[in-house]
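Going line by line, the protein sequences match chains A and B. Per my numbering, the very first residue in the first sequence carries number 1273; after that it's consecutive. Per my numbering, the very first residue in the second sequence carries number 23; after that it's consecutive.
Everything labelled a hint here was simulated from the structure, so no lab data went into it. Warning: the hint list may mix true and false statements.
As the list claims (entries may be wrong) - No farther apart than 25 Å at their CA atoms in a straight line, the calculated lysine to any residue pairs in the SDA-like style are these:
{"#": "1", "chain 1": "B", "residue 1": "K130", "chain 2": "A", "residue 2": "G1449"}
{"#": "2", "chain 1": "B", "residue 1": "K149", "chain 2": "A", "residue 2": "S1495"}
{"#": "3", "chain 1": "B", "residue 1": "K253", "chain 2": "B", "residue 2": "F234"}
{"#": "4", "chain 1": "B", "residue 1": "K149", "chain 2": "A", "residue 2": "G1550"}
{"#": "5", "chain 1": "B", "residue 1": "K133", "chain 2": "A", "residue 2": "G1550"}
Listed below are the residues making up each chain.
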Amino acid sequence: MPDKLLMYFQHPFVRYAFIVGVLIALCSSLLGVVLVLKRFSYIGDGLSHVAFGAMAVAAVMKLTNEMLLILPVTVISAILLLRTGQNAKIRGDAAIAMISVGALAFGYLLMNIFPTSSNLTGDVCSTLFGSASILTLTQKEVVLCAILSVAVVLVFILFYNRIVAVTFDETFAKATGVNTQACNLLIAAVIAVIIVLAMNLVGSLLISALVIFPALSAMRIFSSFKSVTICSAFLSVICAVSGIVISILAGTPAGSTIVAADVAAFGLCSLAGLIKRGTGR
Amino acid sequence: MALLEASDLSLGYDSRYIVKGLDFSVNSGDFLCIVGENGSGKTTLMKTLLGLIKPFGGQILTGDGLKKKDIGYLPQHTALQKDFPASVREIVLSGCQGRFAFRPFYGKAEKQLAFENMRRMGIEELKDSCYSKLSGGQQQRILLARALCAAEKLLLLDEPVSGLDPKVTAQMYELIRDLNKEGLTIIMISHDINAAVRYASHILHMGVTCFFGTREEYLKSDTGKLFLMLKRGGEACA
Ligand SMILES: Nc1ncnc2c1ncn2[C@@H]1O[C@H](COP(=O)(O)OP(=O)(O)OP(=O)(O)O)[C@@H](O)[C@H]1O
Ligand SMILES: [Mg+2]
Chain A
1273 MPDKLLMYFQ
1283 HPFVRYAFIV
1293 GVLIALCSSL
1303 LGVVLVLKRF
1313 SYIGDGLSHV
1323 AFGAMAVAAV
1333 MKLTNEMLLI
1343 LPVTVISAIL
1353 LLRTGQNAKI
1363 RGDAAIAMIS
1373 VGALAFGYLL
1383 MNIFPTSSNL
1393 TGDVCSTLFG
1403 SASILTLTQK
1413 EVVLCAILSV
1423 AVVLVFILFY
1433 NRIVAVTFDE
1443 TFAKATGVNT
1453 QACNLLIAAV
1463 IAVIIVLAMN
1473 LVGSLLISAL
1483 VIFPALSAMR
1493 IFSSFKSVTI
1503 CSAFLSVICA
1513 VSGIVISILA
1523 GTPAGSTIVA
1533 ADVAAFGLCS
1543 LAGLIKRGTG
1553 R
Chain B
23 MALLEASDLS
33 LGYDSRYIVK
43 GLDFSVNSGD
53 FLCIVGENGS
63 GKTTLMKTLL
73 GLIKPFGGQI
83 LTGDGLKKKD
93 IGYLPQHTAL
103 QKDFPASVRE
113 IVLSGCQGRF
123 AFRPFYGKAE
133 KQLAFENMRR
143 MGIEELKDSC
153 YSKLSGGQQQ
163 RILLARALCA
173 AEKLLLLDEP
183 VSGLDPKVTA
193 QMYELIRDLN
203 KEGLTIIMIS
213 HDINAAVRYA
223 SHILHMGVTC
233 FFGTREEYLK
243 SDTGKLFLML
253 KRGGEACA
């Protein structure tokens, strides 16, 4: 089996898949904790559908670089959605449901009216579930992904303390002079970038799993913000690597295998948490 | 110039007025106590002073170079999720947040300050515990330590002793008075009228008729006499 893996590693596309997988898993887990705690778990789902719609538009317009359209559209939607989430008069969850389902339907409609290839069902399936796309990345996409991931990690580290303060108690942070609005905008923009990145790895239907599972798993075991963040980053990377390895060896789709690994990790962590609590007293 | 000066202030939510025509001022070093019945708008006033809610009318002027980052605040309720993973240390440290404008991380000074305030509140041995698993009184002390970290010039306390046992309550009042003596300006909401007239330098009474003045003036005023009598009478009966 190691021989088989070694053989696979000679192919650049397999190496690319690993690099991109690890980077995306790392980024998506970092903000997962914030999203879960701020009750924004659903936003990942909504945004991924928006990104799907934008991707369909980009495909129809035959843009050479789809990112140029998808990224700004998703960032703007993220900002708008977080805005409505703050405004008590408009139901935030309803707005998200509307936008996400609308974008999904619109995207599929466009792909149907202007088919770009003969295998429409296959195209749709791979954007929704990211079936094979991870193994077809070009060098340019890998570089872009690496740059964006490094930017996300840097932003997260530099603003870590502010993000913690705003997540724990936004009112207090605002009252004592933290620019909470700017902080929320930053969080929204970073989330959008992560979603767009993660579409390559697991497809748009499974992104939420990538963002939320590691955070929830880590919260079962640890009880400080820092340890939860670090643990969820580790878990996410481990699950992504093992998911990709299994998918190569067993020939399963990469995205759903990674998510399955995340689910398994959640089960293990829940168990560990129960045992820890049991022995704790 | 006063640290805070409110003139003809009207407060409310949505389109409903709660208080109209409030006038008062707070000078550096004052200890203002806000008293009044449930629902008279004390918390609303404090949130307006903090800039969390916009006033309906009137204005709040700040002086002596008072900035938001110099203010510490203890909210009446902090709605937190049950399973929020945050250690006591992390929460107290987050009070130092406003202190650094562009620096990304906490320095030695902030960590020292957080530790001192945890010691003051007697919670240093809890520093690695999970906040959401502590008792209400312990949580209150943690939030007070956080407020102290943020308060460089002004400390706003919304019912700081609610949920504390009598011993800690007494300690808390002593601590607040010591802080005040060290030069920190304090605005405190309290239902404990005895503590209010004992520790405060000024009293703002909110209700159907509002009263603002020094402690001595309040004790002589009709509002004050009536309220004191009602409260003390009520406590004597109970
Ligand atoms: N978020 C809100 N939206 C609308 N009305 C509110 C809101 N919060 C408070 N009120 C109303 O404003 C009035 C004043 O509330 P406030 O919380 O300021 O009272 P309080 O003096 O602090 O009372 P307590 O002693 O119980 O803390 C109340 O009648 C309340 O119903
Ligand atoms: Mg109140």
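Cross-check of the supplied hints:
1. Taken as a hint, the K130/B and G1449/A pair is honoured in the structure, with Cα atoms around 21 Å apart against an allowance of 25 Å.
2. Under the criterion of a C-alpha separation no larger than 25 Å, the hint pairing K149/B with S1495/A is consistent with the structure, at around 12 Å.
3. Between the alpha carbons of K253/B and F234/B the distance comes to roughly 19 Å, so the proposed pair stays at or under 25 Å and holds.
4. Between K149/B and G1550/A the CA atoms are separated by roughly 22 Å; this keeps the pair inside 25 Å, and the hint holds.
5. Taken as a hint, the K133/B and G1550/A pair is broken in the structure, with Cα atoms around 33 Å apart against an allowance of 25 Å.
Violated hint for the displayed structure: number 5, the only one.
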